[in-house]
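There are 2 protein chains.
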Amino acid sequence: MERQNEPVGGSTQRDGPEERGSPPFSSCEHTDSPEQEEAMMRRSDDYLPVPGEEKNLARDFGSKPGNNESIPMKALYEDGHLGPYFSDEQCRVDYVLTYSIQKPGGVRRRSSKFSDTNFLRRLRRSMSMRSSRAPLQPKEDPEIAAQDQRTDYHEDDKRFKREEFEKNLIEMGLKLEKDEGSKIPGVGFLKIHAPWDILCREAEFMKLKMPTKKVYEVKQGSNLVEKTRQFIHKVTGPLHPKVNAARPQNVKSLSHPFSREKQHLFDLSDRDKFFDSKTRSSIVYEVLKRTRCTKAKYSMGITSLLSSGVYTAAYPLHDGDIEGLNAELNDRKLLYEQWASYSVFYKYQPIGLIRKYFGEKVGLYFAWIGVYTQMLIPAAIVGVIVFLYGCATVDDNIPSMEICDARNNITMCPLCDSACSYWKLVTACGTARASHLFDNPATVFFSIFMALWAILFMEHWKRRQMRLNYVWDLTGFGEEEEDHNRADYELKVMEKTMKMDQSAPKEEKVKLTCTDRMPAYMATVAMMIFMISVTFAIVFGVILYRISIKAALHVSSYPAARSNIRATVKTTAAIINLIVIIILDEIYAKIARKLTEMEVPKTDKSFEERLIFKLFVLKFVNAFTPIVYLAFFRGRLVGRPGNYLYVVGSYRMEECAHAGCLMELCIQLCITMLGKQLIQNNLFEIGIPKLKKLLRKRKSEVTSMPEEDLKTLQRFEKDYFMGPFVGINPEYMEMIIQFGMVTLFVASFPLAPLFALLNNIIEIRLDAKKFVMELRRPLAAKAKDIGIWYNLLRGLSKVAVIVNAFVIAFTSDFIPRLVYQYTYSPDGTMHGFINHTLSYFNVSDFQNGTAPVAPMHLGYKVEICRYKDYREPPWSSTPYELSKEFWAILAVRLAFVIIFQNMVMLMSDFVDWLIPDIPKDISLQIHKEKILMVEVFMKEEQGKRLAALDNHNKDNCPSPSSIHQSPPQPRSRPVIHAKAS
Amino acid sequence: MERQNEPVGGSTQRDGPEERGSPPFSSCEHTDSPEQEEAMMRRSDDYLPVPGEEKNLARDFGSKPGNNESIPMKALYEDGHLGPYFSDEQCRVDYVLTYSIQKPGGVRRRSSKFSDTNFLRRLRRSMSMRSSRAPLQPKEDPEIAAQDQRTDYHEDDKRFKREEFEKNLIEMGLKLEKDEGSKIPGVGFLKIHAPWDILCREAEFMKLKMPTKKVYEVKQGSNLVEKTRQFIHKVTGPLHPKVNAARPQNVKSLSHPFSREKQHLFDLSDRDKFFDSKTRSSIVYEVLKRTRCTKAKYSMGITSLLSSGVYTAAYPLHDGDIEGLNAELNDRKLLYEQWASYSVFYKYQPIGLIRKYFGEKVGLYFAWIGVYTQMLIPAAIVGVIVFLYGCATVDDNIPSMEICDARNNITMCPLCDSACSYWKLVTACGTARASHLFDNPATVFFSIFMALWAILFMEHWKRRQMRLNYVWDLTGFGEEEEDHNRADYELKVMEKTMKMDQSAPKEEKVKLTCTDRMPAYMATVAMMIFMISVTFAIVFGVILYRISIKAALHVSSYPAARSNIRATVKTTAAIINLIVIIILDEIYAKIARKLTEMEVPKTDKSFEERLIFKLFVLKFVNAFTPIVYLAFFRGRLVGRPGNYLYVVGSYRMEECAHAGCLMELCIQLCITMLGKQLIQNNLFEIGIPKLKKLLRKRKSEVTSMPEEDLKTLQRFEKDYFMGPFVGINPEYMEMIIQFGMVTLFVASFPLAPLFALLNNIIEIRLDAKKFVMELRRPLAAKAKDIGIWYNLLRGLSKVAVIVNAFVIAFTSDFIPRLVYQYTYSPDGTMHGFINHTLSYFNVSDFQNGTAPVAPMHLGYKVEICRYKDYREPPWSSTPYELSKEFWAILAVRLAFVIIFQNMVMLMSDFVDWLIPDIPKDISLQIHKEKILMVEVFMKEEQGKRLAALDNHNKDNCPSPSSIHQSPPQPRSRPVIHAKAS
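Sequence lines, in order, name chains A and B. Okay, so the first sequence: first residue is 0 according to my numbering, each after it adds one. Okay, so the second sequence: first residue is 0 according to my numbering, each after it adds one.
For reference, chain A alone in the conformation it holds in the complex:
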């Protein structure tokens, strides 16, 4: 931040002579002799592709020409060992940066001397080329016009920046090795290794908690609890992945933030293993982020270099090969065998190993989806039971029996104008019976159950998260990381500064204000509204399709066609909806990303949040609009016989089948869930990544390589062909939408949890395979929780309560049945309910032209037909007005919503309050650890005092590892080793 305010001239100083002597790509700490260093230097310089004038540029690096010396190195490569090491096989590669190298024979640069003004000009040019707008001040650069020259300069500029950056990295203490002669033409690799000192220093800055030597036994409460635990563990033995059998389960190391002054606390006997590969790579990334390419005034480290194309990719390496000859046992292989395989679908996930390999963020995702899937098991079981209860009681259901009883002989009013005729209620028998499967008292119980289930799931997850935080030593870790500005933001700020330079040159700190972002915000709002309207329009279109097809089929009057009318229309409509949802999802995702980029958020976190918010709204509207229409609007806006509601000219709004719209809602939900998951899983998660990998290989012309060459690719080359890791937010999003399906309309579709469960079992292994095999290793991002997703889950489960309340109260017939049974029924049973729900209509009251053209269709003359509504009969003083029953039932319905909502909310809050967020054993252990840590320090303190005394007496240093247990000597004041002070 402060460096931004330095004058541009400062960069000259940095090039000053005092840095002449600094070594270039230094060797690993194991090979520290000057001769070896010299050799390394030569080696790494061999691959500078354009000698000659290049030297001028890279003079600080002491480059030496000599291409032929590269041959012994190549021999080394083919030596068989392909582990993640520098070519000296001793320095571990902790991070890889790639960049595109100029093809030999490019246009020669004209100006070989890079003055500062020149640099600045080129910098601006490269910046302006990235920005989609017109170059900022083209008139300033009249001497450069030809396009090819520009590209050339551009490449030049990039190399220049790279060299600057690499020099700074070396200054920070990292060891680098360049490799531009790999088997992949056009791609240069910069391998980075962090020596021990740097690892220690950065670990101290990052306050990484590392395990100390002090171990303690984790006791799990009393004997009985412990025995039960062991028994459960034994019973579920086959379900546990075989990954950490060697480690004793009931012993844990105390952890303490790493500090070089407290080195004696840690077990440093094996320095290579002390920091694992994940930690090493994140330490290197921390340095990369902090190190700035100082000449590019507004650059902020690796992120902006990546986004400006100076480097093309940055990734840590995978641990090793999964299969093949020289694949010894490594974490990746273990993960592949014990986790990323469909054959272990029934097992727990090795969360600890996942976290060790991929970092906390990915670990948390899989832990979360694991908990979710586990919690779905009871929900699925109860859902199936509820469904089976519906099946079992379908024959005892009095209302559907009455509908199916032909003796009742109820004549219904026609379902469409003129073309349709009167019909007998008994023909709706099938639908009525089917509806009962999803509309019975058990459904009410099930939706209360699912509301509590959602809360329990959330609570369970909170506790699991806390437990993981404890096991992963994240308890003291604050969340405010990753506040580095995005490169795009920096660029935008720079543009603004340049503009302002002319008007107000004294303004020191420039930032993007609301006014700068206003156009983007306006565009976002407009586009969001537009996209939502498109979704609405499409849903409305499908409704019109349904209405018109129905009418057309009615007109055709073929009995065969007619009998299939309902099924055909419902299914085609649902499938159209599904296809539209999937296509729009993809389009909207693209647009949402573009919009977010236009807004130029300041940090990655902000970018992510804005994108997630947009995507969530869009995907949600997309997936749920047809469902919401079916649940709450269909059949409600139809008007009444003689006074129907018409849309788009003469289309009468759809009515529901007699037994409510619940049935159709159910079909829609079923098709959406199944279809979405099948298509998205197969097409988008398996197909497209495979295609992309193929394309990437073809692009870099490696496919033309012989097969054995492919096998001998170095680790960093193999990883280069893998897909870049794009974050786990898409996976979360998919799951959240599914969670919405499971909870929101669960009252209408009790099988939803089962479908979700089956999908997730596959989904976990699918994602695992993708992460282990298809993608580059992600940078180990730390995270204490799942962030915004938890809030979305919470929000969804809140909305679910109210939606379910409305589904039960208004979509299902639960309330009218209840009211009938307890107030209107003459004998307290459901007999006569159907008759009670049907109002009377006098056919003479039909409006002109809407009366059926075939009134005698049923074989007799109809004078009074019936329709489903609570209205006054034709003979009352206020015919066809809403009746007292209507208002009474409406009041009960609304009262039910209030009671249901508040009761479930109260229960949720109660459960939330009842279950502590931190499991008791964990909080006890955290406390115990704290006490143990103080004890360790106190002992050390005493040892120190003694040591000081010894020192004073004998004038020699005691061995530090032996902490004396002898009694304290209070007379001697403790001497504090005020080192460096």
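Be careful, since some hints might not be right.
[As the list claims (entries may be wrong)] Below, simulated EDC-like cross-link-like pairs (lysine to aspartate or glutamate); rule was C-alpha separation at most 20 Å, straight line:
id, chain 1, residue 1, chain 2, residue 2
1, A, K604, B, D916
2, B, K938, A, D196
3, A, K919, B, D603
4, A, K212, A, E940
5, A, K212, A, D275
6, A, K360, A, E285
7, A, K213, A, D472
8, A, K883, B, E880
9, B, K206, A, E203
[As the list claims (entries may be wrong)] Here are some, though not all, of the chain A residues that point toward chain B, as calculated from beta-carbon distances under 10 Å:
id, residue
10, K261
11, A804
12, Q900
Note that these hints are calculated values from the structure, not bench results. Every residue gets a Cβ at the ideal spot worked out from N, C-alpha and C, and that includes glycine.
Once you've looked at the hints, dock chain B against the given chain A.
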């Protein structure tokens, strides 16, 4: 924890010869010569009251008899300097423990040699004496029976424990000074001082964040923002307390956890000021908590010693005198002048100073009440405006005009059986007009406003809290402190262990299980239910009182009495309710504490939470039962003419006055709020503490001291007379109940925020005075937030939404008026509304004996009278049944509740989401500080590397304070000073 498992015999070893040589109460670091130490030793031993056999006990302390040597010390005391220092005037007293000393001439002890078995026996005895049950194994101690001897032993045992504890404290490095000859007879003082080394060590263990030398400028965004800020600061200048004018506002020190290895980071030039008195005392308390009296096997440090009466009190000292001759400027005086005074009521509070003096927990309370009071200002203004709107529109209100219009001539049914007669609606004119003040459309707006206000308040507080956390350097501080077991719990566990010893001696860790606590839980549940029932019964009693008085007054038929009926009954009933509430509050508080003690919670935190929960439920039920009855039940369960509802024999349930019960609700709220606050403030917060202080002084016979003696009391003696600090939870509780009053029924009483505001302005200064002048200084407890109170506030504001929704929908006439105006009204106005709300009753349908005895009271024969309800008229087919209007209005009311609740909840969540919890400038600064810290370390790193190089070259140590800015030398590997390793 681990020490508990040590064998009892271990204590003998500790008394072994190796500790003979340790000095007793050592002197301060400033007086370190052996001669001075010797003098100190003598001095402190002088006050051992019983020489002779006592020596045997205190042999480890090297005590020497010689009472007459105390005279020079006493001279020192009267020397005039009464600051918080040891008698050598150099060691600052950081903490004081007091204990009761035996009066001279007590019974001589028989056994002077303390074997281990003897000790254990005595320990058990003392334990069993504390417990209310019978002594555990009295048969084991047959030789001791006489009661006086037992007390004697008890005293002896206490002294024994004290000596053990004090020896351990000295071992931990603290300096002690005993003072048993102070002006207060019977009380011994143990003054504790923490030397610099101990402060450093403990600060390191506690990871205290201390300001470093590195300061940076805090920039407040762009110029315009900064200017606005400065302008506002200037305008509100007179409102700021004059406490920290010297400190520059825009500079802040970087903070870093204190560590002795990083001493050079901190400004240690003035060691006396580096740790302020609050920090020093909390460090000492930390040591006191950790140090165990090892001989008392189950004791856990100072808390259990306090609760077992070994020490009678423990407190840090106040900074100095407030007034008087030798009161130089100190923080306490500053607080007194700038904060704890009614004359500065309009000023902001000096929160920083409060925190500096009292610690974070108290600071947060005052910050919270400050924010609350500030937020009440707009609420009070809007409330007054709403009230004034009601006043202004009372003459334009058509319904009350219709009631007051005598031409309407509506005859109402009698209000009580037989005694009352028919009455004219026009007599209810006054009530109707008054009701309008609280029942108008503005009220609906106001309750939405207040729901959002509550959310805004919460959000504002979260941000303020975050800001304070940042300013107070608590950002990295975890909350899991204070998990020390309570002494009562330890005692209980010990009892259990002893019981189990006989049956299962091998069980290692004993804890209290649910079965142990079951009786207490049962008692708690039973008592809670009983207490709640008592409250309900009393409220019901008041209702009966109202009904019977009303009936009696009606019977008396004096016109004068009758006209005052309403006012008398309402007021007396409300006052009875108020008195009952206040009395029950006090009783319930006592019972709740007892119940919680019976439950034996494990930690103080758990104790506090359980107590708060109980108190909250009880106080809440207590305060709100009469109000809830008035709002939702009164006038609803009356039945209808001819079919009234009777309770307790022949009492007809109360009806509301014509214009709803809102008016009475309002009176009740008003009296409760005003009365509760006035009485509680005056009586309980001012009167009782004063009384207690007087009693304490009288008890210790100091009142008989001459006046000048009182003035020359030492600081620790003065503080001894002050009341002990009992936590701030009672203050919070009071505020939470008030918050409930302000938000819950705000729809019926818009003036509530104004009343609360006026009360709080006084309350703040009252509490301030109490803390500064009346109470001992509290231990500075750290806290990041206000804990459980925030959750209670959140819960209350959630409940407030639904309560207000119901008040508007059901208690007020808002919905019926709305429905009438938009559906039933013939001309779209409110004309005819009153007629619409009144149903018809045929007087011939009166039940036997309930018809009025004086039917001709109005001067004409009444055939049809009217009553307020929506029922069918006598001439309909279903007479007196609920009408269609009733159901329609009910449906609208319920719909309103759903819409209101969900709309307000949605808005709340939106506001919650919209306002970031962490203010932007704070998050920026936290980020900036992090970067600056890394920069500081990097510079240091470079300096170290250079120093190592220098060291290597010249073999001498460089001055540590000069961190070199010279360029780094990457060739030389940094040498880590692996101190003590």
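Here's how the hints hold up against the structure:
Taken as a hint, the K604/A and D916/B pair is honoured in the structure, with Cα atoms around 16 Å apart against an allowance of 20 Å. Distance check on the hinted pair: K938/B and D196/A sit about 16 Å apart at the alpha-carbon level, within 20 Å; holds. Proposed proximity of K919/A and D603/B is supported: the alpha carbons are some 16 Å apart, at most 20 Å. About 17 Å separates the Cα atoms of K212/A and E940/A, which keeps this hinted pair within 20 Å; it holds.
Taking the CA atoms of K212/A and D275/A, the gap is near 17 Å; set against the 20 Å cutoff, the hint holds. Of the supplied pair hints, the one linking K360/A and E285/A holds, its CA atoms being roughly 16 Å apart against a limit of 20 Å. Taken as a hint, the K213/A and D472/A pair is honoured in the structure, with Cα atoms around 15 Å apart against an allowance of 20 Å. For the hint linking K883/A to E880/B, the alpha-carbon distance of about 12 Å falls within 20 Å, and the restraint holds.
Distance restraint check for K206/B and E203/A: the Cα-Cα separation of roughly 15 Å lies within the 20 Å cut-off, and the hinted pair is therefore satisfied. Taken as an interface hint, K261/A checks out: its beta carbon lies about 8 Å from the nearest beta carbon of chain B, inside 10 Å. Annotation: A804/A was flagged as interfacial toward chain B, and the flag holds, the nearest CB pair being 9 Å apart, inside 10 Å. Residue-level restraint check for Q900/A holds (minimum Cβ-Cβ distance to chain B is 8 Å; threshold 10 Å).
When held up to the earlier numbered hints, the structure conflicts with none and fits them all.
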